[in-house]
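Chains A and B are the protein sequences, given in the same order.
Residue 1 is where the first sequence starts when you use the working numbering, and the numbers rise one by one after that.
Residue 1001 is where the second sequence starts when you use the working numbering, and the numbers rise one by one after that.
For the record, the hints were derived by calculation from the structure and aren't laboratory data.
The model shown is predicted, which means the values in this text are computed figures rather than measured ones.
Note that beta-carbon positions come from the ideal geometry of N, C-alpha and C, so glycine has one too.
Among the hints, erroneous ones may be present.
With a straight-line cut-off of 20 Å between C-alpha atoms, the simulated DMTMM-like cross-links for lysine to aspartate or glutamate are [unchecked claim]:
{"no.": "1", "chain 1": "A", "residue 1": "Lys115", "chain 2": "B", "residue 2": "Glu1290"}
{"no.": "2", "chain 1": "A", "residue 1": "Lys6", "chain 2": "B", "residue 2": "Glu1073"}
{"no.": "3", "chain 1": "A", "residue 1": "Lys115", "chain 2": "B", "residue 2": "Glu1200"}
{"no.": "4", "chain 1": "B", "residue 1": "Lys1375", "chain 2": "B", "residue 2": "Asp1051"}
{"no.": "5", "chain 1": "B", "residue 1": "Lys1134", "chain 2": "B", "residue 2": "Glu1105"}
{"no.": "6", "chain 1": "B", "residue 1": "Lys1031", "chain 2": "A", "residue 2": "Glu197"}
{"no.": "7", "chain 1": "A", "residue 1": "Lys31", "chain 2": "B", "residue 2": "Asp1059"}
{"no.": "8", "chain 1": "A", "residue 1": "Lys115", "chain 2": "A", "residue 2": "Glu151"}
{"no.": "9", "chain 1": "A", "residue 1": "Lys115", "chain 2": "B", "residue 2": "Glu1193"}
{"no.": "10", "chain 1": "B", "residue 1": "Lys1173", "chain 2": "B", "residue 2": "Glu1193"}
{"no.": "11", "chain 1": "A", "residue 1": "Lys6", "chain 2": "B", "residue 2": "Glu1094"}
{"no.": "12", "chain 1": "A", "residue 1": "Lys115", "chain 2": "A", "residue 2": "Asp98"}
{"no.": "13", "chain 1": "B", "residue 1": "Lys1375", "chain 2": "B", "residue 2": "Asp1062"}
These stretches of chain B come out as covered by chain A in the derived footprint (C-beta under 8 Å, 3 or more residues) [what the hints assert, rightly or not]:
{"no.": "14", "segment": "1241–1255"}
{"no.": "15", "segment": "1278–1284"}
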Amino acid sequence: MSSARKETLEAIRTALVGSEPRTSEHLQELKARIQESVPHLQPQLDGDLLTHFCEKHIAVHGTYERVGRAGVATAVLHHLDSLGIPPELLVGAGPILDQVQWPEQVVVERRSANKDDSVALSEAFAGIAESGTVVLLPGAGRPSSHNFLPEDHIIVVDCARIVRHQEDAWTLVRALPGQAARTIQLITGPSKTGDIEQAIQYGAHGPRRVHLVIVEDRDDA
Amino acid sequence: MSAAGVNPTIPFRDRARRALQDQTLQQAMNKAQGGFVDKRREAMAQLPEFDDIRDAARDIKDHVLSNLDSYLELYEQKVQENGGQVHWARTTEEACQIITAICREAGAELVAKGKSMVSEEMGLTGALEAAGLKVVETDLGEYIVQLAGETPSHIIAPAVHKTREQITELFHKHHAKLGYSERVTEREAIVNEARNVLREVFITADVGITGANFLVAETGANVIVTNEGNGDLTSCLPRVQIAVAGIERVIPSLDDLSTLLRVLARSATGQEITAYTTMYAGPRHKDDGEGPAEYHVVLLDNGRSAMLGGAYRPMLRCIRCGACMNHCPVYLAIGGHAYGWVYPGPMGSVLTPLLTGFERAVDLPNACTLNGRCKAVCPVRIPLSDLLLEHRFEQHRRGLTSAVGRLLIRAWAWLARRPRLYHGVMVIPLWLMHRLGRKAGALRWLPLAGGWTGSRDFPVPAGQSFQAQWRATQKRR
Chain A
1 MSSARKETLE AIRTALVGSE PRTSEHLQEL KARIQESVPH LQPQLDGDLL
51 THFCEKHIAV HGTYERVGRA GVATAVLHHL DSLGIPPELL VGAGPILDQV
101 QWPEQVVVER RSANKDDSVA LSEAFAGIAE SGTVVLLPGA GRPSSHNFLP
151 EDHIIVVDCA RIVRHQEDAW TLVRALPGQA ARTIQLITGP SKTGDIEQAI
201 QYGAHGPRRV HLVIVEDRDD A
Chain B
1001 MSAAGVNPTI PFRDRARRAL QDQTLQQAMN KAQGGFVDKR REAMAQLPEF
1051 DDIRDAARDI KDHVLSNLDS YLELYEQKVQ ENGGQVHWAR TTEEACQIIT
1101 AICREAGAEL VAKGKSMVSE EMGLTGALEA AGLKVVETDL GEYIVQLAGE
1151 TPSHIIAPAV HKTREQITEL FHKHHAKLGY SERVTEREAI VNEARNVLRE
1201 VFITADVGIT GANFLVAETG ANVIVTNEGN GDLTSCLPRV QIAVAGIERV
1251 IPSLDDLSTL LRVLARSATG QEITAYTTMY AGPRHKDDGE GPAEYHVVLL
1301 DNGRSAMLGG AYRPMLRCIR CGACMNHCPV YLAIGGHAYG WVYPGPMGSV
1351 LTPLLTGFER AVDLPNACTL NGRCKAVCPV RIPLSDLLLE HRFEQHRRGL
1401 TSAVGRLLIR AWAWLARRPR LYHGVMVIPL WLMHRLGRKA GALRWLPLAG
1451 GWTGSRDFPV PAGQSFQAQW RATQKRR
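Please model the entire structure based on the sequences and the hints provided.
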């Protein structure tokens, strides 16, 4: 359908600039606008980022616990225990999660999720204080299916990676070495729908519960 | 130009009348009223910068539209670098052919679909079904509407016209054969049943089709914004991923995206951000372990490039939030189906004549009180009510208005340009109306205006025109 491409672009060009051809300088200008892109006006956000992040996450029906670097396994198991869910989980890759020593009775699997898996544990690439959002970058060792199929999603967030605004997360994404991320997922609370009588019901297609384990820079649990 | 779902056989007036008499619809619309409006107002109150961010959002879209050809090329280049394919479609038929061919090539049987208004515009589901494919809508509202054999009546709340009781019956009718023999009546149970039924679809679908809220030239990604997560399951589980979008969806950078996202969710549902905002760029990488092997984007023109050159260009800024219909007294009274095509409410009344033909949608721009609320709430500041007025001018220019109406307007214009004669003629009706309504203070009925006076009284005019009174006062001095 290359003729469709040509015709569409020509129709746009004719509407915009008549018969004048686009110059290569013009394209360079637009490329530069992208490469040198800076945030537009952002909402003012004062105060402690971590506190703001937690408040916003609670506001969208999420839960969280703050722990030290040694406290991840305990926090995850305690959370599952409180829900009466057996300690069987899909675990994704990440700098913090790769270091976690799991007790023997915990069943840890590292594979794609299927529709009967009940718990997935992921590590966030970043957190956004502005909206209580976590940024996940699915890829090798971090399947997208973990983020949507299980009923419970537990997400580990490195406190040092909580940024102020959404645009600050893009700065981190842009700084990644190698091939750009295929998928960038912003997750803000559990799955929900308002399609029945405009009333919110949680657990539509994705996780019913989203629990954050926020890891602070201290050695204890 | 195809106009999937247009039913030109029933005039708008009849559809609107039927909608007003439909008790169930009125019950559903009454429930919906206010909710969206209140939530948006609360979200705005929490963001003092909202209006300034709206200006920034408008400026981004205007910048893109002025350079649309170039941004599309930059975006296309990036998708190709990512290993994806970009397809261009001039018309909805062309788009449906492209997508059908991709599905055939993939040997597909089952297609999972995320909510996409542009796919409704294409009549995509019908086209794929005609090609022998099974298509399942996965957004809960869209799924309900699909089971009912209907089309969405709102661009972000497709089943807003359905009551819970109707949904219970629909599920019972369609799910009993799947082993769900009990009627589900509670909201939670209804959502759970849909969750379980649709899970099978996500797992087994060969192709996943979604729309795109935005296409980011910086990364070559399509962005989908949802609360349910169905769009993501549709995108990441099937072997072939297809995103469909109008050509105006492209934006330059991730920073531009953030600004647009800040106004989108707040205007739509009053949320700061939806539960899921995901960017998909190209097919799975070598070591990914899962994800689609093929990634396609289908870009649809269907009349959009023609809108760029004229007065309607601002309409291409639209980010499909639905705020205009949520605030429209006409939409809230008659619901979305009365509009007769894919896009309802004020944005639909502007778009439908442009995309399906002026002569096919003559009533829509006139089904507007020009109260201007749509224009006031639009996150990208589209002057919707002005564009509706522009449509009325266009109808007059094209001779689409009634012959009697045109004759009367011409007669009035002739008269109004002759002040002496005008005042001479106006003395009679003013005096008459004054005499008739003097006692009651208002007129209950006027000749030729029964429709107007049917539900309200006409204030009694002063017996003399302003100018006559002025002259009298001057003389007395």
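Hint-by-hint comparison with the structure:
| no. | hint | in the structure |
| --- | --- | --- |
| 1 | A:Lys115 x B:Glu1290 | 14 Å, holds |
| 2 | A:Lys6 x B:Glu1073 | 11 Å, holds |
| 3 | A:Lys115 x B:Glu1200 | 8 Å, holds |
| 4 | B:Lys1375 x B:Asp1051 | 13 Å, holds |
| 5 | B:Lys1134 x B:Glu1105 | 15 Å, holds |
| 6 | B:Lys1031 x A:Glu197 | 7 Å, holds |
| 7 | A:Lys31 x B:Asp1059 | 18 Å, holds |
| 8 | A:Lys115 x A:Glu151 | 9 Å, holds |
| 9 | A:Lys115 x B:Glu1193 | 14 Å, holds |
| 10 | B:Lys1173 x B:Glu1193 | 13 Å, holds |
| 11 | A:Lys6 x B:Glu1094 | 14 Å, holds |
| 12 | A:Lys115 x A:Asp98 | 25 Å, violated |
| 13 | B:Lys1375 x B:Asp1062 | 16 Å, holds |
| 14 | 1241–1255 | holds (count 5) |
| 15 | 1278–1284 | holds (count 7) |
The structure fails to meet hint 12 from the earlier list, while all remaining hints are met.
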